[in-house]
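Colleague: The chain contents come next:
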Amino acid sequence: MSILSGKGITKTYGGSEVLHAVDLELEPNKIYGLIGRNGAGKTTLLSILTAQNPATAGSVTLNGEPVWENPEALSRLCFSRELGLLGGSSASAIKVKEYLQVAETFFPHWDKEMAEHLIKLFHLDIKKRISKLSRGMQSMVTIIVALASKAEFTFLDEPVAGLDVVAREKFYRLLLAEYEESGRTFVVSTHIIEEAADVFEEVILVNEGRIMLKENTQELLDRCYHVSGHADAVAAVCEGLEVRHEERLGRSRGATVLLAPGQSLPERADVTVQKMSLQKVFVALCGEEEEESV
Amino acid sequence: MRHLKFWVRWGLQTIGIAAGAAAVYLVINLFSGTMNRGEETLWEWMLNWYPIYLLVCGTLVVSIIGISFFQVYISLLMAMNCTRREVTLGGFVTITADLLVLLCGSALLWGCYRDSFWRIGGSVILPFAAGAMLGVTSLFVALGVAIVRWGKIGLVLASIGYAVIGGCLGAFFALSGSSLLSDLLGGKGAAGSRLAVGLAVLAGGAVLYGIAWIFAFFSIRTMQVRA
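Just so you know, the protein sequences line up as chains A and B, in that order. According to the working numbering, the first sequence is numbered sequentially starting from 1. According to the working numbering, the second sequence is numbered sequentially starting from 295.
Because the hints were derived from the structure by calculation, they are not lab data. Only a predicted model underlies this, so the values are computations on that prediction, with no experimental measurement involved. Errors might be hidden in some of the hints.
[Unchecked claim] Here are the computed lysine to aspartate or glutamate pairs in the EDC-like style, where the Cα-Cα straight-line distance is at most 20 Å:
#1 A:K280 - A:E194
#2 A:K30 - A:E208
#3 B:K299 - A:E104
#4 A:K30 - A:E17
#5 A:K7 - A:D198
#6 A:K275 - A:E208
#7 A:K120 - A:E98
#8 A:K280 - A:E178
#9 B:K299 - A:E215
#10 B:K299 - A:E194
#11 B:K299 - A:E72
#12 A:K95 - A:E82
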């Protein structure tokens, strides 16, 4: 059972630090959801975990072996990047066929049959240059590379960006089918949280270059509540609990509460307590500390 | 072994493009009537000129593909989990091998036709051509490194630098360079001095080429992958 582990990962661009001593351990046979706001450091973290970019400080190991410049460790990883960001440079200049040909050469466990099946499934024109594809089509290319690579640890950066809802559903079904069949570990970075929430076994929340939490998705949702009602009543309920987000409207107040293990909300009739979706939890945890609703 | 397949395919593609470009250029010259064939048969004329075109077109094709290596393939290969060491070594060996194959191919073709080639070729033309090929390619490798390190600004600065170098070389040839070159390649002057010049050009080209790849190695080692 392989474990991919990052310790004290720090990354500095220019003078600014975008990752601050991040510690992260990825276990086998899991689908992780990597969520965070724009610029939180998700792509940077993924590129360092897969040794595509060097960390300013810290280390990444696979079963204790450093990943950096280690062909053996790298052969078990795949980071399928968001091609839409390439613009007019780099890989976007080449044809899809050529891109897949290079992937086939360099990923040792490449599943050609699966790649061909997915090309047909997505109706992808492989003779086109990547730069000439729509954003959705580019996402399909990243999905094909990720799934057909058969890498033990597979990282997908915004795989559903630009995909329509039907294609997104298709992708999640394919991901789950592959996961069930192979037991590979997937780390999926996405902004479309609501749809993907059911797929993620664990969620990793990155905020301002730090891992805010890494937790089983269901356990996280089980301890997050939204309490609303009269400001005094809400304040009484929330006393001694971890309040992560608040909104006020006149004398009414809403609060997002994160219960610690063993904690429970006191039962009161004058407040409304609701379970939260992963997206709402994300907004509560990563949003502004306090918002004054008008 | 799988990786080797990629590098061999890439190298052979480059040689194929170079050979094709030289052939197209030869055919254009043949039909445009700008070259006087004199007493030579078509076959002799082609054998005489194709190696020269192969050297010139080949050097340019290898150089341009060398830039695409820096602009496209380095990021792409690293995104496909290729180590930086392998990318640098693969690029260096493939590009150098391409130059060597083009040089040897040209020499063989030329030698088949011109008996005298082997007498003067060994001392002047081969080292001179090899040095020029390495020198020109090193400029393009340096351009690729500038793109990797400084992006578009690097491209602009390097282009300005090359425009200046091009201008200086143009002025040199306009003044006295072309006669010096034709004397050298035409077999005038003492054999020893011609050998010294040929070897000096080869050494200069090799040094430039080496420096360009050392810079490439250090730049690739720290570059950020965006693709």
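Colleague: Of all the hints numbered above, which does this structure not satisfy? Sort the numbers upward.
Modeller: 2, 4, 5, 6, 8, 9 and 10
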